[in-house]
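There are 2 protein chains.
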Amino acid sequence: MWELRRDEALSRLEEHLKAGRVDQDIVDLLRLINSLSYAFTTSSCSGRIQLYEAKLPGSKFDMRTTGKWHRPISLEELRPLIKGENLWLAVLPPILHVSVKRGEELRFLQLLRDSGFKRAGIISISEDEAIIEASGTERLEAPLILEGVRVYRDEALPLLVERANQLLLKSKDRLRRLKEVLSVEVAGGLDNIGGKRAPER
Amino acid sequence: MWELRRDEALSRLEEHLKAGRVDQDIVDLLRLINSLSYAFTTSSCSGRIQLYEAKLPGSKFDMRTTGKWHRPISLEELRPLIKGENLWLAVLPPILHVSVKRGEELRFLQLLRDSGFKRAGIISISEDEAIIEASGTERLEAPLILEGVRVYRDEALPLLVERANQLLLKSKDRLRRLKEVLSVEVAGGLDNIGGKRAPER
Chain A
-17 MWELRRDEAL SRLEEHLKAG RVDQDIVDLL RLINSLSYAF TTSSCSGRIQ
33 LYEAKLPGSK FDMRTTGKWH RPISLEELRP LIKGENLWLA VLPPILHVSV
83 KRGEELRFLQ LLRDSGFKRA GIISISEDEA IIEASGTERL EAPLILEGVR
133 VYRDEALPLL VERANQLLLK SKDRLRRLKE VLSVEVAGGL DNIGGKRAPE
183 R
Chain B
-17 MWELRRDEAL SRLEEHLKAG RVDQDIVDLL RLINSLSYAF TTSSCSGRIQ
33 LYEAKLPGSK FDMRTTGKWH RPISLEELRP LIKGENLWLA VLPPILHVSV
83 KRGEELRFLQ LLRDSGFKRA GIISISEDEA IIEASGTERL EAPLILEGVR
133 VYRDEALPLL VERANQLLLK SKDRLRRLKE VLSVEVAGGL DNIGGKRAPE
183 R
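Taken in sequence, the protein lines are chains A and B. Every letter in the first sequence is one number past the one before it in the working numbering, and letter 124, counting from 1, is 106. Every letter in the second sequence is one number past the one before it in the working numbering, and letter 200, counting from 1, is 182.
Just so you know, the hints here were simulated from the structure itself, not pulled from any lab data. Among the clues, some could well be false.
Note: identical chains are not told apart, hence a pair may lie in one copy or across any two.
Said to hold, decoys possible - Derived pair list, reagent style EDC-like, types lysine to aspartate or glutamate, alpha-carbon separation capped at 20 Å:
no. : residue 1 : residue 2
1   : Lys37     : Glu67
2   : Lys152    : Asp44
3   : Lys65     : Glu137
4   : Lys83     : Glu109
5   : Lys37     : Glu144
6   : Lys152    : Asp7
7   : Lys37     : Asp155
8   : Lys37     : Glu137
Okay, chain A solo, but in the shape it has when bound (with noise of 0.2 Å):
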């Protein structure tokens, strides 16, 4: 059943990647996860910057989206888009959903400690899977509008994206970490083809 769903997982993966709808900065993490035999990812977000509508920060239902950015961004994108009653600019960290096999949870959840995100743990169990929610910790969510009042000094924006920018780039790196670990634990598993496990560590 875990392994049917797993191989429906990836088909509708390799779906998403050949039209584009999968932010490239994660691709190749993610390949690297569900190449272990035990794990497949159910949705990611490399992490970005994101300018939104709201009275107050983390109100779902009525937030509005103004512009979203996997990447750096520059202060003339910014400028035209500082605009409307209520604007925040927020830095999110990345974030991973996995189905784990039932057994391997723990296992799993180590190595994603073991390369620094600290805010990991499973979020639902079943009979065959544990689902697994990782996501770094460094945020930045700073109003740019309150009540049509312009919140910043115009001689402090630059430096406010030039933040914004460092902790994305800050953030990205945990991505490459992961990667790095999760790379030994794929050449581990490969000497073990035979059945035998990798030695837990």
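Place chain B on chain A using the hints.
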């Protein structure tokens, strides 16, 4: 073994309470969780407003906290603290760590979900316990000073403080809802004191 650790943790909590080291906003909730025979709390925060010096948010090692409040703040108390080279204002959501006896972890996770703690997961599992971490998702993380440059316009500061306070109160409302859900669970537990388990919902 787990029961012994629970007894010790509850005694420690009583000492912390006597010494006034526990945030008053969360005491009732901690007592409620600890009245469940299958759980005890290990650490918690009811959500807070925090002022800290750092180049980037989330840089634990080079950040210095210069203000911390578990309640709404006034512009008057914030203003004199706005100084330094790089200063951030954060609103951090409530966070709970709970040890749950093995076999009850999914039940407790569901209770957290029912009360709106969407970010809840099992962060470690051993033979006799699962550690569950639950936190709110709403955050504010906004720079007030970057490289010595004051970031906010004077007229926007009252609005920023207002939003920070609103977000903190919204966060704390999650604690109230969790108390309601847990009250039902505790009542169910008492009805079944003869040893039968409360029915799964």
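For this session: Please name the hints from earlier in the document that this structure breaks, with their numbers sorted from lowest to highest.
Result: Those not satisfied: there are none.
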